[in-house]
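*Asks:* Residue-level listing of the chains:
There are 2 protein chains.
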Amino acid sequence: MSELRKDPIIWRWIIIAPERGRTQLLLNSQKMPPQTPEDCPFCPGHEYMTTPEIWAYRPSSSPANTPGWDIRIIPNKFPVLRIEGDLNREADGIYDKMNAIGANEVIIETPNHEQRMWQYDIPRFVNLLRAYKNRLEDLQKDPRFRYILLFKNEGQEAGAMQAHSHTQIVATPVTPQLVREILKGARDYFIFKERCIFCDIINYEKKDGRRVIFENADFFAFCPYASRFPFETWILPKRHDPDYQSIKEGELSSLAEILQSVLLRLTKALNDPQYNLVMYTGPVRRLRGGYWQTLDMDFHWHLEINPRLTKLSGFEWGTGYYINPTAPEEAAKYLREIELG
Amino acid sequence: MSELRKDPIIWRWIIIAPERGRTQLLLNSQKMPPQTPEDCPFCPGHEYMTTPEIWAYRPSSSPANTPGWDIRIIPNKFPVLRIEGDLNREADGIYDKMNAIGANEVIIETPNHEQRMWQYDIPRFVNLLRAYKNRLEDLQKDPRFRYILLFKNEGQEAGAMQAHSHTQIVATPVTPQLVREILKGARDYFIFKERCIFCDIINYEKKDGRRVIFENADFFAFCPYASRFPFETWILPKRHDPDYQSIKEGELSSLAEILQSVLLRLTKALNDPQYNLVMYTGPVRRLRGGYWQTLDMDFHWHLEINPRLTKLSGFEWGTGYYINPTAPEEAAKYLREIELG
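Just so you know, the protein sequences line up as chains A and B, in that order. Residues -9 to 331 (this note's numbering) are what the first sequence spells out, left to right. Residues -9 to 331 (this note's numbering) are what the second sequence spells out, left to right.
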């Protein structure tokens, strides 16, 4: 059973999640073996290898947990956080711990083991983005959850444990520390300026132009001014909205288009890089005394894509600073000028 | 010229340090080429390839910047922070930046290109640890510096750019964010309990025993309760002292012994792992009105060693949480029971 342990000095929560056999792999300095379609639990025909599906995009004639699906959503068999039980905060000698409670779902994005996200056509992107929305809408009903994070690990360097293309969703009973800092930063700015910081960034970056990658009617992609990593890319909706769940049907195809464009550019520029994609959306809001809490209307949902090109050094681990050898102006120029198709 | 840019949302400083040709390597998805003694700037005979030495452990008959040295200290040719100039804080449109000012030195630990730290004999460790002390004592005299971080990157996975074994020192004009959190955590505990949190941890871990790796008269090595990474190892001095610089001559050989023991254990257990070593010492103190500032006497210097065995995932990048698949109790038991020699 995994548990959350609190760092006694800086009060950061660590998830200790012992995985059967993982330590033994580390001791023998082995990597996870590469997966083939034959032993991949995410491939069609292997539905019995996963936990039963939560939802699937499949013809109505095809029964659950059988082949025929196009997108499939399952609970993670080895979840970071477990859905059953209580937090059960308690002391552990001079330390503090609690159970690692939450939800951890896996969205299998395609039945094709080899297909990467940059290869999806627009209909697949739209269906996937709609599936994200549906899962967020469903998970936010659980009163235990405060925050829902959606992320994708592409490649072992990016922490992927399965080669088959997938997205993960984790719902947490507390708002994670970094998310809280981002929410607080946006709120402080809103109080100070009476404007959304993300809206201001879009306006400024459009005028400045040096860090722009691509835009369409509804979305804006750029390399942020204080990029932590080379080729760090953000995609922001132009319409101010704290919650991804509020995305409109017509915006889904705009988002599909810009996501495809950005991933194609990164793939061409960096030769099919490994990357992490993270979605930041507003925290789960609750009806309180008949009113929706509006405190978090100062947030603006967005996507961050970070290619894993460089390694952190002791300086970065030790200080919390990041050193980026590629200026975002240089990265954006390169990505902007890529010729597609 | 590298610059510090402030993240407009969470106020984190990022170092944008464009390195000649680095982006081109990333675009071609190339790795840094492996270095041989023939083209290694840290090997004896190649002193002309580095910036002139600051200090070297060498026979008095051998002139500076020639072979014959045993340990050699140079300014980093490609420094993270530059020694010349002013911080020069200024606006950059809606953003904020300043010059990346500081010191960045490299300690070449051995003349032997192939020798790794775990292979050093006790005299080499003692000389190296004394060199650390001397550099910290010297750098703290510069009134511009507020914090001095000492770290080692072993292997490309740990961010090393040179294969030849070396340590780096970075002196910064501001106390880095993570260091500030650690100092604040220790201070808050001290105010609350009127005891040092690190002294309390040593006492508790000795009694508990499950996370102990090794100890000698002056030092204590263990896997911390809220370990971020598998086999994370801390070495603490038993004598409470905020500053590494105050280490006594007799303690240097105790520290050499425990460092050698810990590195041998990690090497045996994990098959010569890549790792980061970071030293946290108290911030630079200044005489003010004739008194030393004593505010930071609640700190307790220590070393952290983190093998680079796992990759961070989008969940970790997105939340600031860490997921550790190996409980520290399991790691410590394994390291404790390793038979040396």
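Treat each hint with caution, since some may be false.
It does not matter which identical chain is used: a pair holds within one copy or between any two.
Straight-line alpha carbon distances no greater than 20 Å define the calculated DMTMM-like cross-link-like pairs of lysine to aspartate or glutamate that follow [said to hold, decoys possible]:
| # | residue 1 | residue 2 |
| --- | --- | --- |
| 1 | K301 | E147 |
| 2 | K196 | D231 |
| 3 | K(-4) | E171 |
| 4 | K197 | D29 |
Source of the hints: derived by calculation from the structure; they are not laboratory data. It should be emphasised that the depicted structure is a prediction, and the values quoted were computed from it without experimental measurement.
*Asks:* Each hint should be assessed against the structure and marked as holding or not.
*Replies:* These are the hints, each one checked on the structure:
Within a single copy, K301 and E147 get their C-alpha atoms as close as 10 Å, and across copies as close as 6 Å, so both meet the 20 Å cut-off. Proximity of K196 to D231 under the C-alpha cut-off of 20 Å is restricted to the intra-copy arrangement: shortest distance 19 Å within a copy versus 53 Å between copies. Taking identical chains as interchangeable, the C-alpha atoms of K(-4) and E171 lie at most 20 Å apart whether they share a chain (18 Å) or sit on different chains (14 Å). In this homomeric assembly, K197 and D29 never come within 20 Å of each other (Cα to Cα): the closest approach is 51 Å inside a single copy and 46 Å across copies.
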